[in-house]
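For the record, the sequence lines run as chains E and Z.
For the first sequence, the positions run 1 to 157 when the numbering used here is used.
For the second sequence, the positions run 1001 to 1112 when the numbering used here is used.
In case anyone wonders, no lab produced these hints; they're calculated from the structure.
What you are looking at is a predicted structure, and each value in this text was computed from that prediction instead of being measured.
You may find that some hints are simply not true.
In silico contact screen, one side only, chain Z against chain E (beta carbon under 8 angstroms); selected entries [claimed, not checked]:
no., residue
1, A1023
2, S1056
3, R1092
4, V1096
Just so you know, even glycine gets a beta-carbon here, dropped at the ideal spot from N, CA and C.
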Amino acid sequence: MDAQGARAGATTGLAPTGIRIGLTAKEAHIRAALATLRRALAGRGLGPTDCDTTELVLAEALNNIAEHAYGGQHPGPVRLSLRLGRGGITASLRDRGGPMSGSRMPEPGPPAIGVRREAIPEGGFGWFLIRDLTTARRYRRVRGENRLTLCIPRTGS
Amino acid sequence: MELRSTRSEGIAIIRVDAGRIDAAAAIRFKDAMRTLTKDGPDHFVLDMAQVEFVDSSGLGAIVAAMKQLGPRQRLDLAALRPEVDRVFRLTRMDRVFTIHASSNDPGSLAAG
Chain E
1 MDAQGARAGA TTGLAPTGIR IGLTAKEAHI RAALATLRRA LAGRGLGPTD CDTTELVLAE
61 ALNNIAEHAY GGQHPGPVRL SLRLGRGGIT ASLRDRGGPM SGSRMPEPGP PAIGVRREAI
121 PEGGFGWFLI RDLTTARRYR RVRGENRLTL CIPRTGS
Chain Z
1001 MELRSTRSEG IAIIRVDAGR IDAAAAIRFK DAMRTLTKDG PDHFVLDMAQ VEFVDSSGLG
1061 AIVAAMKQLG PRQRLDLAAL RPEVDRVFRL TRMDRVFTIH ASSNDPGSLA AG
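So here's chain E without its partners, still in its complex pose:
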C-alpha cells in the first residue's frame, strides 16, 4: 500500500476531542498517519506549536515501534488514540511487537557532544526528545501488547 492508500485506509475517530488512527508500522504509513493526525489536531483548534510538538513526539514513538518492537522486518499494526484536554494531550499507542528491553522505557539524557567529528552521535535522539517534550510517560506490557501513554503539554500557541 502506498502513502495515499495508507491515508485512505487509516481509521480516524470523529469524537469532538478524541482522535483514533489505525496504521501499519511502516515508514510511508507513519508519514501518512502523521499528516492525518496533524489535520485532525488543527481541525480541533490546536495551535501550530502544539501541533509541531505532538507530531514530533508521535513520530519518534511510531518510529521506535517500527524499528524496535517490530524490528523493521515484519511491520505490524499500531493503534493510536489521542485525547485533547485543556492542559494537554494524552496519546496512547498500542502495538503487538516485541516488548521493550527489560520491559522498561529508555530514559536517556541529552546526547554527549564531543569535540572530535567522529565522536558526534548519529542516533539516540528519539527517546531523549520524547522525554524532553512530554510531562508524563507510562509503558506497560499487557497480554502480548505494548501500551505506551504519553502526555504532551499544551502551550496554547
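Since the structure of chain E is provided, determine the placement of chain Z on it from the hints.
The following block gives chain Z in isolation, referenced to the frame of chain E:
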C-alpha cells in the same frame, strides 16, 4: 530526496527541495549528500528553508552527512524554520553545526 547544489564564491549551497527529512527520507538524504559532497569544494551550506519537519532519524542523517565529509571539508546549515531549529537546540546539535540565518550572502557564510 531532491537536493540542488549551486556554487557561490567557492561555497556549495545545497538546497533541500523537500518538506521533510524524516525516517522515510533519511537514507536517501544521506546517499544524495554523499554524491554531492564527494568531489565538491571544502565548504558546504545546507539550505533548509523548505524543510518543515526533521525527526531524530533525519537529524541523524544530517549529522552522518557531516561525518562522511573529507577531513578538510565542512558542512554548515542555513535558514532553519523555528520548528526545525528547536530540534537542533533540544538535542544540542546547534553546537555541532554553524547555523546561518540565510544562505543568500556568501560573504557572511564564509565568515561564519
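- Minimum Cβ distance from V1096/Z to chain E below 8 angstroms? holds (6 angstroms)
- Query: Are R1092/Z and chain E close enough, Cβ to Cβ, to be under 8 angstroms, as the hint says?
  - Reply: OK, holds: R1092/Z within 8 angstroms of chain E, min 5 angstroms.
- Would the hint on A1023/Z stand, with a C-beta cut-off of 8 angstroms toward chain E? Result: holds, 5 angstroms to nearest chain E Cβ.
- Query: Was the hint right that S1056/Z lines chain E, CB cutoff 8 angstroms?
  - Reply: holds (4 angstroms)
In summary, the structure agrees with every hint in the numbered list given earlier.
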